[in-house]
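Student: Produce the complete structure using the sequences and hints provided.
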Amino acid sequence: MRERLIPVPELLRALRERARSHGLAPPAAFLGDWRDRRAVVVPSVDLRPVSQESAFEESDHLVVVYRSFPDTVPGAAPPLPAAVRGEASGWLTLDADGRWTRHGDAPDPAQVVRDHGAARRDGRQDDDNNDNNDNPADHFPDWAAPDRGAHRSAVTDCLESIRAGEVYQACLSTRLHGRLRADPLETFLAIAGHSPAARSAYLEGPWGAVLGFSPEEYLVRRGDQVRSSPIKGTLAADLDPALLLGSAKDIAENIMIVDLVRNDLGRVADVGSVTVTDLLAIRPAPGVHHLVSTVTARTTADNAALVEATFPPASVTGTPKARARELIAGWEPRSRGLHCGAYGLALGRDLELAVAIRTLEATPDGRVELGVGGGITIDSDPDAEWDECVHKAAFTWGGGPVPW
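Taking the numbering used here, the leading residue of the sequence shown gets 1202, the next gets one more, and so forth.
Hints should not be assumed to be uniformly reliable.
Stated by the list, open to error - Derived Cβ-Cβ restraints for the label pairs, each shown as a range:
#1 ASP1580 <-> ARG1321: 53 to 63 angstroms
#2 GLN1253 <-> GLY1276: 12 to 22 angstroms
#3 GLN1426 <-> ARG1322: 43 to 53 angstroms
#4 SER1354 <-> ARG1568: 23 to 33 angstroms
#5 ASP1323 <-> PRO1604: 37 to 47 angstroms
#6 GLN1253 <-> PRO1534: 17 to 27 angstroms
#7 ALA1437 <-> GLU1254: 38 to 48 angstroms
#8 GLN1426 <-> ARG1205: 32 to 42 angstroms
#9 ASP1503 <-> PRO1604: 40 to 50 angstroms
#10 ASP1582 <-> ARG1205: 24 to 34 angstroms
#11 ASN1336 <-> PRO1534: 30 to 40 angstroms
#12 HIS1223 <-> GLU1367: 49 to 59 angstroms
#13 ASP1471 <-> SER1260: 23 to 33 angstroms
The set of hints was computed from the structure by calculation and includes no laboratory data.
Note that CB positions come from ideal geometry on N, CA and C, so glycine has one too.
Tutor: Laid out in structure tokens, this is it:
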């Protein structure tokens, strides 16, 4: 008899119930394109706050990690810790044919699902997991109206600084505040089912939860080989993506950030190894089309040194990077938190990190925040920049009318 293939949502629900029943830490999940697989699921990982400096220390175990954008401004504190990290001795990967492979001491996924089904039949499952057959749209967050005026003011100030020659471009963000209407895992599964992203991730701990739907690769490393694929240039999904290649603003934005990535990687790369292997490729993402370029390099630096040389990711700062970061801290009304930081996986010298954009930060009491933004150049229009923010956030309400 052919083995039944286990869908990701079914396995994640079963693993989370297993963790609760056995007093274990909750699972983590990475969906889309991680470690050359359709999914990497960690059955249980104790994710604890750590210093940002220690987040990327190398280990023989699988490391699950995030690190927030490092610059802070006065005002309300970000909702989640600045960095979390956990190590796991077992994990599961989903192959292209839909089959799960066990690594290390990971449990048998089929047995986990059978046990979960038995628990449901016996009435032993927690009530907050009983809503997974509801309309997935009912699991999207409720959002309050963001501060459009503050974003317009920041864009205007940025344009003045560009005209004054202080920066060539800068990335500016606004922030949505809302509340979850469902369990964080169910919210993640609902959004992932509606708007799958290349670098989705779910991380959970007593501190809250990260629901990541990033389309952007920050760093991928295999041994001494490393690549980064910055996104710059965005167009609504219902428009002709070829328009991106006709946009002087989007092309300039992308090429300036490619140069910044080259510079960042060059700090730790072997001399002569930094190469642009793909320039201005059009790629789809939830709700939008993007321009994506790829830069590769060779380095013997350890993971911590590689991240330190390139963090925060180039595409979420500006050029010149140091001055852009200084100005951003004065233009934005609060610290970014995880927004524009990074999350991902590491195993020894292998490293995979996504830029933490399109990423929801959920607190244990049900509050949720989402940062969205874009790159500002001399050709930017404040109203168009606001529309870009709305397009980028639309995946969290399933598209359609703006919910505020």
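Student: For the hint 38 to 48 angstroms, verify it against the beta carbon of ALA1437 and that of GLU1254.
Tutor: Roughly 40 angstroms apart at Cβ, these two residues keep to the hinted range, so it holds.
Student: Using the Cβ atoms, figure out if GLN1426 sits within 32 to 42 angstroms of ARG1205.
Tutor: holds (38 angstroms)
Student: Taking the beta carbons of GLN1426 and ARG1322, is their distance inside 43 to 53 angstroms?
Tutor: Check passed, 49 angstroms falls within 43 to 53 angstroms.
Student: Is it true that the C-beta distance of ASP1471 to SER1260 lies inside 23 to 33 angstroms, as the hint says?
Tutor: holds (25 angstroms)
Student: Falls inside 30 to 40 angstroms, the C-beta gap from ASN1336 to PRO1534?
Tutor: Since the Cβ atoms of ASN1336 and PRO1534 sit about 35 angstroms apart, the hinted range of 30 to 40 angstroms holds.
Student: Does the Cβ distance between GLN1253 and PRO1534 fall inside 17 to 27 angstroms?
Tutor: holds (22 angstroms)
Student: Note whether the CB distance of SER1354 and ARG1568 lies within 23 to 33 angstroms or breaks it.
Tutor: holds (25 angstroms)
Student: Kindly confirm whether 40 to 50 angstroms is satisfied by the beta carbon distance between ASP1503 and PRO1604.
Tutor: Because 45 angstroms falls inside the window, the suggested range holds.
Student: Is the gap between the beta carbons of ASP1580 and ARG1321 within 53 to 63 angstroms?
Tutor: At 56 angstroms between Cβs, range holds.
Student: Could you tell me whether the CB distance from ASP1582 to ARG1205 stays inside 24 to 34 angstroms?
Tutor: violated (53 angstroms)
Student: In this structure, is the beta-carbon distance linking ASP1323 and PRO1604 contained in 37 to 47 angstroms?
Tutor: holds (39 angstroms)
Student: With 12 to 22 angstroms as the target window, see if GLN1253 and GLY1276 comply at their CB atoms.
Tutor: holds (20 angstroms)
Of the numbered hints listed earlier, the single one contradicted by the structure is hint 10.
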